[in-house]
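Got two chains here, separate frames each, mind docking them using the hints?
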Amino acid sequence: MTALTASGAEAARRPQYGSISKSRRWALRWSYFFLVLFAIFFLTPPIYMFITSLKSSAEISAATNPWWVYSPTLDNYIELLTQNQYLIFFRNSAIVSVCVVAVTMVISVLAAFALARMKFWGSATLATGVFLTYLIPDTLLFIPLFKTFAFIRETLGIELINRWWTLIILYPTLTVPFCTWIMIGYFASIPKELDEAALIDGASWTQTLTKIFIPVALPGIIAATIFAFTVSWAQFLYPLAFTTSTDQLVLPVGIVTTLIKGDVFNWGQIMTGALLGAAPPLIIYAFLMDYYIAGLTAGATKG
Amino acid sequence: MAQVTLRKVVKMYDETPAVRGIDLDIADKEFIVLVGPSGCGKSTTLRMIAGLEEITGGEIAIGGDVVNDVPPKDRDIAMVFQNYALYPHMSVFENMSFGLRLKKVARDEIRRRVNDAARILDITELLERKPKQLSGGQRQRVAMGRAIVRDPKVFLFDEPLSNLDAKLRVQMRTEIKKVHQKVRTTTVYVTHDQIEAMTLADRVVVMNGGVIEQVGAPNDLYHTPQTKFVAGFIGSPAMNFIACRLEEAAGALRARLSDTLSLPVPASRTARYKPHVGKSSLLVGLRPEHIREEPRHPEPDLHLFEVMLDVTEPMGMETLVYFTIEGTEICGRVNPNAGAADGAKMRLAAELANMHLIDDSTGKVL
Numbered sequence: 001m002t003a004l005t006a007s008g009a010e011a012a013r014r015p016q017y018g019s020i021s022k023s024r025r026w027a028l029r030w031s032y033f034f035l036v037l038f039a040i041f042f043l044t045p046p047i048y049m050f051i052t053s054l055k056s057s058a059e060i061s062a063a064t065n066p067w068w069v070y071s072p073t074l075d076n077y078i079e080l081l082t083q084n085q086y087l088i089f090f091r092n093s094a095i096v097s098v099c100v101v102a103v104t105m106v107i108s109v110l111a112a113f114a115l116a117r118m119k120f121w122g123s124a125t126l127a128t129g130v131f132l133t134y135l136i137p138d139t140l141l142f143i144p145l146f147k148t149f150a151f152i153r154e155t156l157g158i159e160l161i162n163r164w165w166t167l168i169i170l171y172p173t174l175t176v177p178f179c180t181w182i183m184i185g186y187f188a189s190i191p192k193e194l195d196e197a198a199l200i201d202g203a204s205w206t207q208t209l210t211k212i213f214i215p216v217a218l219p220g221i222i223a224a225t226i227f228a229f230t231v232s233w234a235q236f237l238y239p240l241a242f243t244t245s246t247d248q249l250v251l252p253v254g255i256v257t258t259l260i261k262g263d264v265f266n267w268g269q270i271m272t273g274a275l276l277g278a279a280p281p282l283i284i285y286a287f288l289m290d291y292y293i294a295g296l297t298a299g300a301t302k303g
Numbered sequence: 001m002a003q004v005t006l007r008k009v010v011k012m013y014d015e016t017p018a019v020r021g022i023d024l025d026i027a028d029k030e031f032i033v034l035v036g037p038s039g040c041g042k043s044t045t046l047r048m049i050a051g052l053e054e055i056t057g058g059e060i061a062i063g064g065d066v067v068n069d070v071p072p073k074d075r076d077i078a079m080v081f082q083n084y085a086l087y088p089h090m091s092v093f094e095n096m097s098f099g100l101r102l103k104k105v106a107r108d109e110i111r112r113r114v115n116d117a118a119r120i121l122d123i124t125e126l127l128e129r130k131p132k133q134l135s136g137g138q139r140q141r142v143a144m145g146r147a148i149v150r151d152p153k154v155f156l157f158d159e160p161l162s163n164l165d166a167k168l169r170v171q172m173r174t175e176i177k178k179v180h181q182k183v184r185t186t187t188v189y190v191t192h193d194q195i196e197a198m199t200l201a202d203r204v205v206v207m208n209g210g211v212i213e214q215v216g217a218p219n220d221l222y223h224t225p226q227t228k229f230v231a232g233f234i235g236s237p238a239m240n241f242i243a244c245r246l247e248e249a250a251g252a253l254r255a256r257l258s259d260t261l262s263l264p265v266p267a268s269r270t271a272r273y274k275p276h277v278g279k280s281s282l283l284v285g286l287r288p289e290h291i292r293e294e295p296r297h298p299e300p301d302l303h304l305f306e307v308m309l310d311v312t313e314p315m316g317m318e319t320l321v322y323f324t325i326e327g328t329e330i331c332g333r334v335n336p337n338a339g340a341a342d343g344a345k346m347r348l349a350a351e352l353a354n355m356h357l358i359d360d361s362t363g364k365v366l
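Residue numbers (UniProt numbering), protein chains in the order written: chain U, 1 to 303; chain E, 1 to 366.
Just chain E, same shape as in the assembly (with noise of 0.2 Å):
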């Protein structure tokens, strides 16, 4: 059993907090992903819990005792870095082994653990190699086979995936994902990445200035965020962001965008949103994919309008239209045969059951 729990926990560096305060209940076997910009304090916390930084305030638990004045190695955690840090100057059996050989581990149990790891990961052949004989990608396994052979209570990903190119990334995840089946031990990984986060994690933690914006399981964070941030961050591209003004016409509610625009917002968000009407702060978010091309049937709940195409961008599968109302710009996804090109007119629907009302004052989801 190891499930980690973080109690208002603080960091300070000299006067400048770091972390304000967070708590988090991770289960036993969770894969949990901590993600957010740079700076928002999600490796920081990662180090608290691995004993790398001293904690200022706040309690950190792991599988049940309190580990705040814990040294690194006893708290029975295993962690991989960016930058692998493999010992240069040993084999990957040497790198692998090195944490059992230093708990004066039998030599049989350590040679059968380490085969163990590298079937898994795949690395079997390599092992007597050294790091600097290994592609990104293989010292990346070893790193994670250093891990595994520890058989820890948790393990720690420190944006793992940062330092190989794309293609590989993409793979790599799916290997990590793979492992933790196998393996099931309790998972925290850090990244900047929300595709990464999304597809790891069992739930998402979305951290931003030293606290937690929302936690939830991936899909839920995507189709319900809490707050303007989560909504901004989770998605690619992001959602868009309109500054709207809401209008009672005859008990129906609609969100005014422009002078010549205006979305009739659905009637089952009717009661949520009345309190609201005449804000000034008031944002409508709404994901590309949710302004697409007319349908050739006529649909409930979508709204027409026509505007004039700045950009588009085939992606092949799909092709991402830019337009602007009011100085913003708003991007919708739409099908590549729709005849969408740059600098003519298009009607796009608006797929307004799926819209966000934020208060931009508050930063809240409405």
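Bound-form chain U, shown alone (with noise of 0.2 Å):
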């Protein structure tokens, strides 16, 4: 009779398991609809741009369906790609951008080198330093380099102020930072037996760099250069306040003094130049997605 009771009780007492392969399947249902919801939520700018591209301007003020075009014309990609100026604005950012790249590039992976391995007097301050200085807002940098322009203007009579290529001296002010510190995390990860069986073979500073860590840190350098594209690609608060005249803006800043004349809002041409402005970033991405992810998650599993 107690041994019955007893069983009984247990039996109320046992915790209640739930199936590993249930709770499984609902971690992906959750999944699958967020990962739903987040496209709609990214994909419908982009979408309508394109759908708004393909319209007249007749057709875009006509109070029809926003989400249907109705007698699709390619009449803004037309206009836009003869129109001299939206070339200009294009060759303008690319330059802008491939120089800056490969500025920052020069700049960021010797800085991190030097931080991540050569261990002098202040280092490690230097390095918390250069993150520091990424934390500065840009909004907060530019009117500081506006006065110094100035001056350099005034006391050398360089004139710095509304020359595009001056983009390419003010956009490392941005990339440099975080890419140095990219790339410390990086060369971090690197074993030090390996710079020490490089320095034992015989191998220079130098040689250890370019023969040994950037091979290795190839990901990691990757996703550096393209964080630096897509900064200074898409950047618009620098060129609108640098450049001013038509003729030496860069394509986010061009797009929107030139097609929009007053109150006029030429809305075809500007969905057309923004979505052909964001092919070639999302032309990287897509070659390069694989190295950008290894890049970011470096160092987080022993390789």
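Quick caveat, the hints were computed from the structure, so don't treat them as lab data. Keep in mind that this is a model prediction, so the values were computed, not measured. Ideal Cβ positions, reconstructed from N, Cα and C, are used throughout, including at glycine. Worth double-checking, as some hints may not be accurate.
To be verified - As a list, the in silico DSS-like pairs of lysine-lysine whose alpha-carbon atoms are at most 25 Å apart:
{"hint": "1", "chain 1": "E", "residue 1": "K364", "chain 2": "E", "residue 2": "K279"}
{"hint": "2", "chain 1": "E", "residue 1": "K182", "chain 2": "E", "residue 2": "K167"}
{"hint": "3", "chain 1": "E", "residue 1": "K73", "chain 2": "U", "residue 2": "K119"}
{"hint": "4", "chain 1": "U", "residue 1": "K192", "chain 2": "E", "residue 2": "K130"}
What the hints assert, rightly or not - Pair ranges (Cβ atoms, derived):
{"hint": "5", "chain 1": "U", "residue 1": "M118", "chain 2": "E", "residue 2": "G136", "range": "47 to 55 Å"}
{"hint": "6", "chain 1": "U", "residue 1": "A286", "chain 2": "E", "residue 2": "T16", "range": "34 to 42 Å"}
{"hint": "7", "chain 1": "E", "residue 1": "G136", "chain 2": "U", "residue 2": "A241", "range": "57 to 65 Å"}
Pasting the structure below:
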């Protein structure tokens, strides 16, 4: 009798275990739900841009369904791409971005190598300082930068304002700190024995960097490159503040200043220009995506 | 000719000494093993010979030239690291030839040397692979190959086998010994494993707390340790240390271990031990293999005693027995057929001809 009651109580106390496959199924359901939600949220604007870019001005202003094109036309594309102006913006943007990426990577790879590997007086403080620089918002930086450029014009007579190539000097103030920080982390994850082995094998610091560190840290370098390119391609505030003449503008500012005339918005061309402008980073992402992800998760697990 | 000489070598990290003035002469073609517990300064010493650590004081000479201020690449040394340190983006061939390519050695010469080294290490078919496609043992071979192709004056090994599993470690140990017999280069090898040290070395250097405790051939260290540390560090299971008091009676000495147990000191040691009669900090050191089962036929210099066994550990070819004397756990090695059992009484025999007497206050073997 006592034995029966005891076992009965035991059964009542036994905890309820869920099944692993069941909870996994639910986790999957939820993740798909949110993935679809995010996809809709982020894809709606570009789709809307694409639809609008295929419409004529008359159709855009007509009160029809904004999500459907009744008489598709490529006029916006033809007009924009035959316009000299837009091509100049595109060229300026391309040259600036490519140069900024090159300048940034040279500076940040060298700086990161020195900060990660050569222990010198103040190297740790300097590394933290680099990161702190990145925390200062660019909206705070452009006024003192503008003053500096004005000062250079007054004292040295070199005109830096309203010149598109000035942006090649300006953008690295935004890209170098972050890229250096990424590269410091990446270089620090390379085992110390690797450079010691290279040192014993007879490599100089430069050879250790070019023959060992850069090839081993390639995913990190590609991640930093993508970041630098994206920042300089999409930068709006600095070119808006530092360049004014039509032939000195880069893409983001160019579209806004030339296609909006007073209160007349040329929506079809604005959307077309923005869509075409978004293409280069998209193509780069698509090709380097695998490297980018590998770069961002570097050091997470022991390779 | 590449002898290595260390003279009063000191290494300080800020204010903490890692190596406190060591002297060591390594002969040409000799295989020297630095062994000791972690933090004893053995790796630091090796890295100072390599030139990866600056020398705070003293002098290091390779082949007769003082190299204190010579950068690693000009010391003509090669090093094998614990984690192999293979260049992950290069093939095995590129890994092994990296140093030669930097030195601008002719292409044919590089190919010849790499192929020779690959043949010695039996990795010829791996030359085109990347390090991540290799197993631990293969990586270790490649790391050794990278050292061999350079044909250096000195090989330096920094715990090269500690990342391998036990079976592979034994295999690679033999491999390293074979390679040394073929290549015959002066070798300095660091390990914390005393068995590795014993099996590989021409001479073993036992380090502790930044100083050298003793230098000697493996068997010398085993049979005539000079300090308690060496006596306890070399040999597995470790030597038993039992507190004792020396007593003199009728011209003979006895080591009293407890009220009921005292062991007769062999007559040959009487003169040496006599000045220590009555000292309070003495230990008897006796290796487990010198405590065995009672022999069937009486032998001289054996002292028989009976104990209660705490634990027995059958190892196959022998059985380890553990018992306690005055709170000290003692280990003995008996024949597996001697009938040792947990909690049983057993008659054991101590071979006192092999005893050591240690002054615990100085750590010296008397």
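*Given pair status - E/K279, E/K364, alpha carbons within 25 Å*: Holds - the C-alpha atoms of E/K279 and E/K364 are around 14 Å apart, at most 25 Å.
*Has the given pair, E/K182 with E/K167, been kept, meaning a C-alpha gap of at most 25 Å?*
holds, 23 Å
*Measuring from beta carbon to beta carbon, are U/M118 and E/G136 in 47 to 55 Å?*
violated, 32 Å
*For the pair we were handed, E/K73 and U/K119, check the Cα-Cα distance against 25 Å.*
OK: E/K73 and U/K119 at ~20 Å, within 25 Å.
*Would you mind confirming whether the straight-line C-alpha gap from U/K192 to E/K130 stays at or under 25 Å?*
Holds, because 20 Å separates the two Cα atoms, which is no more than 25 Å.
*Determine whether the Cβ-Cβ distance between U/A286 and E/T16 falls within the hinted range of 34 to 42 Å.*
violated, 54 Å
*Just tell me: holds or violated, for the beta carbon distance of E/G136 and U/A241 against 57 to 65 Å?*
holds, 58 Å
When each numbered hint is compared with the structure, violations occur for hints 5 and 6.
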